[in-house]
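Engineer: In case you want the letters, here they are:
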Amino acid sequence: MTHRFAVGLVLLLAMFGAGAAVSAQTAPEKPSAAGASSAYAGSEACMTCHEDVYKKQFEGTPHFQTTKKGGHGCESCHGPGAEHIAGGGDKSKIIRFAELSRAESSRRCLECHGESQTQRHHAVSAHASNDVGCIDCHSPHHAKSEQHLLAKSQPELCYGCHAATKADFARPYRHRVNEGLVECSDCHNVHGTAGLRQVRATQGGEATCYKCHADKQGPFVYEHMPVKTEGCGSCHTPHGSTNPRLLRVSQVNLLCLQCHSFPGPGPSGPAHNQSQKYQACTMCHAAIHGSNANAAFMQ
Amino acid sequence: MTNRMENAGSKYWGSIRSHARMLGTIGLLGLSLVFPATGRSQSQSAAPEEVSYGGYRVHQSIEAGYRFSDVTGNESMYDTLINLHEGPRIFEQTLSMRSEKHQGVLFDDLFLTSLGWGGDPNNYLRMRVQKNRWYDFRASFRRDQNYFDFNLLANPLNPATSVPSVSIEASPHTFATRRRMSDFDLSLLPQSKISFRLGYSHNNMTGPSWTSIHEGTDALLAQPWSTTQDMYRLGVDVKLLPRTVLSYDQFWNAYKGDTAANLNSTPYALADETPVDLGLPFNSAASQPCATPLLGDGTANPACNGYFAYGRFNATRNSFPTEQLSVRSSYLAHVDVTGNVSYTSGDMKLPSYAELYEGLTTRTRARNSDTEGTALVHRVTASADAGVTVHLTDHFRLVDNFRFYNFRLPGAFAYTATTLYGATLLSVPNVFDPATCPPPFTAATCPQHNASSGADVAAVLDQNFLKQDLKSNTAELQYDFSRKLTARVGYRYQRRTIFESSSDVQDLTFYPTLATRGACATGTVDAEGVCTVTTTASDDATTEIESHSLLAGVSVRPLTGLRLSFDTEKVYADHAFTRISPRKESRYRVVGSYTPRPWAVIGGTVNTLTNSNGDADIRFRGHNYNYGFNASLNPHPRFGLDLAYNYSDYQQNSLICFNDTPPTGVTLPVVTNAGDCSANDAGNPLLTDSYYQSKTHYGMFLLMVKPLARVTTRAGYSATAVSGQIPQFNILQPLGSLGYDYHQPLASLDVDLVRNVTWHAGWNYAQYGEKDFAGPTAPRYFHCNEVSLSLKYAF
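Read top to bottom, the protein sequences are chains A and B.
Here numbering that gives the first Met the number 0 is used: the first residue of the first sequence is 0, the next is one more, and so on.
Here numbering that gives the first Met the number 0 is used: the first residue of the second sequence is 0, the next is one more, and so on.
The following block holds chain B by itself, in its conformation from the complex (with noise of 0.2 Å):
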């Protein structure tokens, strides 16, 4: 797990630190001393100015410099939260021309946006050149480089009373994958009778990955990603008649899947040396991944769960291609209409499936298994909306908005599987022969089956099919009872029908020994003492969900600059498709924001929803109450103060049946209370009302004052403070993320040297800790200290 990591991330600079830290200060004093004399007048500021060049006003500007970061504790943590490392960096570059007269040859506007060249996780390029009444293209490239290691999440956290001890410090489904993506979208003739849109994106996401997989216990997995989607457009937009426009789009999206799965490593080794992995999970009183994983000799246990190999590919193609028909039109007097049919149909082919498996699971002594099959899903959608608003008088409208979407998602996979057992890792796995295996198929040459073996060969069809219709519809009526005062009611009606079904086939063969096991265990033998059955299996379900919504709003404007909007949404549901989704939701919302000055905005929300599920059995209460305000002060050029705070009370209970033993000597609340589930679900005894409650304080200041016309400074600290309850399951389960302090100060110090150079000098602190460090992982802290020397060169 170390090895991965440090070659996860290359991360980060290594042996070059120190040089590159060296030639980054000299490079910048350099800069430094260079550009006194190169500018064109030390007593000007270097606030941008535009310049004409060619009949554009032009303007640009660049910020490049070298960021030291300092990172103490938890360096995953860091770097998935943060991950800005050390180094020489671009750190923003804009461009903007626009024609003077409006008459470009090529363009009227330019803009040009990016930033984080040079290795920061976040970067992108945004641009947008138009040419008025010719053509507008806009073209996007971001990169985002995802780093994540949550220790907690799928962590199976081992008892340091296991023996052996092993401790996974690092989270098993760790991500340090690279996410390019490009937008491109040109309009041509964007006023004219006939315009034409052309657009492509392309997003692309590759890098290291891991997973896990259970076949007995669970192996680390690594799972080099590698996904490409391709999206095209291509539309004409038809102005028919004033006002009017009705267009049509033509889509694809085609989707290429290539991650695959391969056992990260075999860390450990039988007597013969032969290499084995033994998972992940290591609790020899609970048998994980046996009573005892490791010999006196040091080597593994045969007798135990384990890997020799796994692999997994399952390259999936994906192409959808949509229609899409729209319409608007304000041609008549008092009547908006929006309308819009669009169809997707497609397929995703999985044409060549392949899983194998190398290792031993002890409850069924599978010891190799190859899987091989096909899967093709098809996907249907259809959706359509309408909206129409009637203005009855200047000022009373009636807004309608109609929504209808259908999709359906048949898929199959068919596969086969085929399955050897023996009883250790050391044993080889017998392949059924009838002239080694004769009457009566006792033989130690015959498969080593078990009661609980599964079938040596299945052939198996899986169909699957999902729908969803839904229908909705939402009718308001609005009226300005004066331009300072706005008020609305409206009803939103919606029908939900899911339909679900599955069938399963399968035809299995059980060799001997004991081959009437399992699903043949009523079976008969022929001659060669094989057991076939074909075993069927199908369900279908529909839900239908039928909701009414009550809306209403008033926004009033009583003051020049004071704006209160408050409004409602109450929804009634008939039924839920999960035990979570709410039958009944009330939302209120109040939105306040005053401009005494044109210096001076203060805003505050309040923001509270709660949602539940009455079922007897089930009795899902949830909450989300937020409450903010924010100030924004600039009273002077060489003074600002930007103020914000938020709290927010998160909570979502429902009723539990659950499994839970914990060990000797531990007591866990939750169990010890627990009511009785066994005549509901025997599996599932206990009974609890679960409850997750988050409450969340964020606040922030950010001061700027210029004690200098050239010099800017500026202080600032965010905070975000997270506390809240959820039961203990499990007596090493650390409580996370559910209590947690982010402290975020800076500092910056902006000195205008020469004219259109600025020096920056700028300090970001960051500290994450949890609350709660119980626990067989390590504490997730760190703190950090980046600073940033910049210069910034604009006209």
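Pulled out of the complex, with its shape left as it was, chain A reads as follows (with noise of 0.2 Å):
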């Protein structure tokens, strides 16, 4: 399987260095930021009518290093302002990101950002599908959190949308985001996955939830199989519950039974009297999410 995989590897690289040959020969240049015919001013012009901007919302954040090095600074972003200053402050004559889809907005954004490991899904991401760029959490200009130049921070800021998930994180069982101790980001990423709902996964391509519950994870001899094949969520609500151990259900019996009855793939109820202990069916199968002893899970 490692040859495989090797040969599978070097075979991955050749098509994509030959792919690039060729489209290297043919590909045009990126349209550059809107008049890609207009000269470039320097971001000192900018900041004769822009000093405010420039002082307290460029100079101090992580975009100022878009000046050195021969970069365009405020250009950078907002393309050539030579017409813009000409025309004496022509607003049509340069880019303003409040006028360009959130498609376009992004865009520009990832022309710089799109190269980092967090950010290459954002094309194909939940957040780009329903129109939310990046303009939408991050303000380059006014930032209230410093880190990210985030509009807010989380996770008020997911709140503004997914009101839901407060009202989740609110329950008295939950994971403990509004305390601080987990991120939104922690569990999703918010510029996209190759999964669903914009979750992340393990290097193993397993549910994120095992980054803290490590010993859920297994492998185990015997698996709980949904575990594996449906993910926690076939009995866990994540964000919150309104039930201990954030169970789907406020009784553990019930949970079970609604899988473990006829007619059903895994082993159905045994014959246990629901009249007697045996209401609590993870008193006797306590290791519920696998075992390495017991086919039964009792231990």
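Please note: incorrect hints may appear among the correct ones.
[Unchecked claim] Each pair of labels, with its calculated beta carbon distance range: (1) A:K68 to B:D468: 45 to 51 Å; (2) A:G70 to B:A486: 19 to 25 Å; (3) B:R637 to A:S144: 21 to 27 Å.
[Stated by the list, open to error] Pairs of lysine-lysine residues, derived as DSSO-like cross-links and limited to a Cα-Cα distance of at most 30 Å, are as follows: (4) B:K705 to A:K68; (5) A:K55 to B:K130; (6) B:K470 to B:K569; (7) A:K67 to B:K470; (8) B:K255 to A:K215; (9) B:K255 to B:K569; (10) B:K569 to B:K483; (11) A:K67 to B:K130; (12) B:K255 to B:K100; (13) B:K100 to A:K68; (14) A:K215 to B:K238; (15) A:K55 to A:K92; (16) A:K143 to B:K770; (17) A:K67 to A:K90; (18) B:K705 to A:K151.
Bear in mind the hints are in silico, worked out from the structure with no lab data behind them.
From a predicted model like this one, the values you see are computed outputs, not experimental measurements.
Glycine residues also receive a C-beta, built at the ideal position from the N, C-alpha and C atoms.
Both chains come to you apart, so use the hints to assemble them.
Structural biologist: Set out below in structure tokens:
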């Protein structure tokens, strides 16, 4: 398998290299920002009129690095500004992000930021599909959170659209997001993932839950198979729940019986009398996430 | 049980509480007196200001003080939900340093935030240091003290009519653990043609916890938790072409599971004063642990199920390296490409499993068993994804995302179990010896089996295999009608193949007496009266699931500040892996937000999910309807109001077959009205449409008023109200979390004492109360008052 994998990688590299080489001969230049024919005026010229923004909202931010080593500073994002200046500040002669569609504005950001590991899936992300762009969460000139130039800090930023999630995290049984222990971005890659709901995965492609709940990952000799195939969400509601252990149902036995009953692919519910101690399935089946020693998850 | 609870948490300050309170109060008063004298200007506000130091703009703050806490009611529930106790605390600390000219020697930016030091259950420290073109270092440390004791979880619900009556007031599956997580990530030369990434994560969870074991009866086990996971990351990014980066990553995940389990206590004694545990369930009418657990003299009945000792040691070691190759390119003018391939192959090793049981299982007469073995599970995971966005025109895009995920888990457990048998807890289990157990193999010195006794020696090899192969492709067409209107339509195809197999080979040896029992019932005995047999069993199944999803959405921004978004997803699958895995699913979501003024944000959401499995014998139906709105109004720097309301209606129904015999004189509607399932499952002859419905209202407001420039007041209220329905299978089963109210009002006062110094007084109240208290457990109700007094120094 290892050899096959290595061969596959080499082939992939070769294919990519060949494709890139061919494309390099024909690929047109990416469209530069607006007004490709315009000339750059330099950030100092921008500061003449926009001194307040320049001093307070640009100079101290990481974006100021765009002024260095031949960078165009303000014009790196807003495009060449000579015509804008010549026009006496004509707004139509400069790129204003508020006037762009979210796809257009995000594309401009990703010209630089798209190469980061975390932002690579943005184009295929749920946020992008729903017309949520970079500037919906980031505010380069009016950030409330210095790090990442966020318009607000987590989780309030996320609650702005995901109001139901705010209610989830207010429930008594919840992940400690409001307390700051867990951040939305610990479990979700807000810039997109290959999977659904922008949920992160472990390096092996498994549920991100295992990063903290490492003991549940296994692998086990006796797997409780839906844990691996259907995911933790089969039994748990990850944000918050009205029930202990974030369970979907308030009684453990009903949750179990809804799967372990005729007809079902797994074992049907054993003939345990619900009016006796067996109402709590996990009292005996304590290793319910998987076991290395007992097929019935007793230990 | 009481003792373990007291020990578990050292909960919390005990006799030093009053002293600490006094010292804290004195300290705060002292600080309040000292700071005005040292303040730079009493007329200045304490609003954070940046200072320049060594070429950096520096801002930092620290808030320290004392929290007073007063809890009334169920303290275990309080600790499960809140767990904020009394004592001095550093509530929050921040530091930010930004190079004024982006020319710092060691770094350009440094951010550091931490909170909760001094004993709070959750605390963290997060930091980021970066020098633009050279490195970006991020680190975090998080500590989570997880106290969990919801006493309905794994509770046998012993009836008060049992003799003796033993109420289980704490959950047998209590946790009082601490999880410490550290993450370190370093990017070197992040903007260079070749850049490197290094990372390390550490996750350590330790502390007391409890579980239970079933051997005749169910015993409480102490389970000192000890797990450690270390993750190492090494990656390199190569920018081959403009806007194109190729990455290779190597990960290694190492896990150590050293959690063991031992019998928690032996609170009873036999007539010969041997300590014994009769277990958690006490229902003498149902012979749990037997009809007469305690004899007239108060000693334990030796004919009962019970435990003298139990121990389990199963240290596991996991090692999983992962290689990953990924690419992202927007080199071509109208095409964005992203791709990722990863491969994991590693093992879970359990080199030495040992389980020792001493006691009595009356059904089989097992008195002593010793199980030893080894386990090995291999995990092979291959995953890949590829995303392509083709910009057909400036406003029209084709987005395709393919995903492949395949894992295989072959595992084996080989063990030998040796069991000795005896009639009672007082009898000495006989070891088989042909010399002391001659023909006709019925001597009192022979092992004392009954017909239900298992094998005396079992050598077992279990082999299991689970595999899933998933392929999914999502294609969407996205069109920007204008910068204010975007719509999309898409289709997702997914195919899953799940294969499972198991094989069980058992070499069983049955000693006399009654050697021809169990699997040897039809066997023959040898000259020494021993029956041996080899049993084999195997099974396999394949489930193939094909699903088709229709995706659509539209997003519109008709006015400046107004955004409305609608999207839907309808899924149809031809099969399901579990009964409650839906074969049909519909999601509709509407999100709206309106910012009519910069100081006003109003939002609303409608989220509906319905799913079902229409199989006539399952009839699974579920839904989650969620409606909410929120508003944040800050028209003046001295006034702010946040509002939110959310309503959730959750349902999960399906047909189930079950077995239920209520005690004499008890009528349970779910039993009385049950249908007949005996033709399909004789052991579970009752049929019902099991329903679970939960309706949750959540509302909150937070009002901020600054009556004076240096005084800030806040008042707020958060409430969650839950109600619902569920069949009651057991007359002793409280409805528990099906219905309760959870209230959390708060108020605070902040006064800027002097420049950079703010005095804070806060009050938080929490009240949790279940609406139904029926059952043998104590009511799950508490309310608490927490008062925090602190000083915040910020510049």
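Engineer: It remains to establish, for every hint, whether it holds in the given structure.
Structural biologist: Now the hints, each set against the structure:
1. A:K68 to B:D468: 45 to 51 Å: Holds: the Cβ-Cβ distance is about 49 Å, inside 45 to 51 Å.
2. A:G70 to B:A486: 19 to 25 Å: violated, 37 Å
3. B:R637 to A:S144: 21 to 27 Å: holds, 23 Å
4. B:K705 to A:K68: violated, 47 Å
5. A:K55 to B:K130: holds, 20 Å
6. B:K470 to B:K569: holds, 18 Å
7. A:K67 to B:K470: At roughly 46 Å apart (the allowed maximum being 30 Å), K470 of chain B and K67 of chain A break the hint.
8. B:K255 to A:K215: holds, 12 Å
9. B:K255 to B:K569: violated, 42 Å
10. B:K569 to B:K483: Between K569 of chain B and K483 of chain B the Cα gap is close to 26 Å, so the pair holds against 30 Å.
11. A:K67 to B:K130: holds, 14 Å
12. B:K255 to B:K100: Violated, at about 47 Å.
13. B:K100 to A:K68: holds, 14 Å
14. A:K215 to B:K238: Distance ~38 Å between K215 of chain A and K238 of chain B Cα, so the pair is violated.
15. A:K55 to A:K92: holds, 24 Å
16. A:K143 to B:K770: violated, 42 Å
17. A:K67 to A:K90: holds, 26 Å
18. B:K705 to A:K151: Holds: K705 of chain B and K151 of chain A sit about 22 Å apart, inside 30 Å.
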